[in-house]
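Construct the entire structure; sequences and hints are all you get.
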Amino acid sequence: MAVTIRIPTPLRKFTDGKSEVDVEGGTVREIFDDVENRHGGLKDKIFDDAGEVRRFINVFVNGEDVRHAEGLDTPVKDGDELSVVPAIAGGLGSRPRQV
Amino acid sequence: MAGKSYDELLAEYRESIPELDPEQVEETLGNEADVTIVDVRESDEYRAGHLPGAVQLSRGFLEMQAAKKLPDQDSRIIAYCAGGVRSLFAANSLRVLGYTNVTSMKGGFTRWKQNGHPVDVPEALSDQERERYARHLSIDEVGEAGQLLMKKAKVLCIGAGGLGSPAAFYLAAAGIGTLGIVDYDVVDLTNLQRQILHTDARVGDPKTDSAKDTLLALNPDIEIVTHNDRVHSTNVDELFEGYDIIVDGCDNFPTRYLVNDACCKHGIPNVHGSIYRFEGQATVFWPGKGPCYRCLFPEPPPPEMAPSCAEAGVLGVLPGVIGVLEAIEVIKIILGKGDLLTGRLLTYDALEARFRELKIQADPDCNYCGEGKEFPGYTDYAHFCGV
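Residue numbers (the numbering used here), protein chains in the order written: chain H, 51 to 149; chain V, 72 to 458.
Read the hints as simulated data drawn from the structure, not as lab findings. Do not rely on the hints blindly, as some may be mistaken.
To be verified - A short, non-exhaustive set of chain V residues, derived as facing chain H with CB atoms under 8 Å:
| no. | residue |
| --- | --- |
| 1 | Arg118 |
| 2 | Tyr347 |
| 3 | Gln352 |
Stated by the list, open to error - Once the Cα atoms are required to be at most 30 Å apart in a straight line, the calculated DSS-like pairs of lysine-lysine come out as:
| no. | chain 1 | residue 1 | chain 2 | residue 2 |
| --- | --- | --- | --- | --- |
| 4 | H | Lys95 | H | Lys68 |
| 5 | H | Lys95 | V | Lys430 |
| 6 | V | Lys430 | H | Lys127 |
| 7 | H | Lys63 | V | Lys430 |
Don't be surprised by glycine CBs; every beta carbon is placed ideally from N, CA and C.
Set out below in structure tokens:
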């Protein structure tokens, strides 16, 4: 299945700056495996050591959160759009702010 | 046919239209259920005070509006004006229109008030406010009632930076009665590429002071409350007290989580915006009505997972788009109109010029907003540089 995965700005350094990557796979997990084959390093940023999506990142298929579907086993079909959405702190962060 | 003089008409109506003095009117109101009190004075007279429950039907528009405002022609109607003359003429017009049970109040509103009967003074905008907000008043969804709701609203902006600037700017312009601004920082030259509340001349000044000056210059009728402080676990409850809505325009995770947690604890809507480079997100987190920030992102990223400070950056105009979306959601919450972004994360990609919508759901097991969960307390996360 050919699926488009949308890469958030902070992770585009792993996709040569591309905001979208076309990948193959029948489930969300397979999609990420294929992304990793094409653009190494991305998976480490998205998954924790236990192989789960990190808690500050959400994955959506066609705008629906996969946590409320079948998680990484959520099936995808031709033409689906998968979005990776990390928490974004905010505006600038031009300098660190201490507590 | 010779016409009748004013005196002749007045005498004729006095003869044929029953009159009640204010005491009799009050007694009638106490004894009878289906009495409609009709104030036939002009709008400005009505706004200055009227009999409780009176329907306003100006003498000048009486024939045009009677059917709409007084649908039952056989109900008991007591008309009054300022002194008792206009109401006699109005009562006659109602009679001509087919109303069968019309009385006029002797001595009018003046005597009613003099004799110590109850008066309702409706909340109303001043003439100057009516002019300032004229373009709001002509929208049905806002109108005078909506504008009064905005005047009464108390909104707290977290941060007077990239997002807080446009949000607060427009909220002040819209007439939000009380606008709180929390920020502990001072204006820096690097801020001015996007933080439009501040000016070159105010570099080095506290952002709260600078924001207040700008906002009051735009709209001196509102109240700006400055909180020159950072949000932390020991002051967040106090900071939020009395505010109806929080606008999250902060730039760091520790504050975002504190803002979210306090909004959950107090049941306040949290209008959220975040930006990074060319991308922005906006939504409304509202405990009980939709997810909270922690339903979406249970924990902040550890410092080592966040991009370095050097990578942070944002197109100066981007917070304008997202901050203004936040301001619109605030106004919709106040007015109770439209579909809020509750349960929807709106994302904006400026390079693609594309908005997308992601569905976000409340987590019933969320420790912060889940039903029946005991509030777990605040967490002060370590500050670090991140996106």
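Against the structure, test the hints numbered earlier, and report the numbers of the ones violated in rising order.
-> Those not satisfied come down to hint 1.
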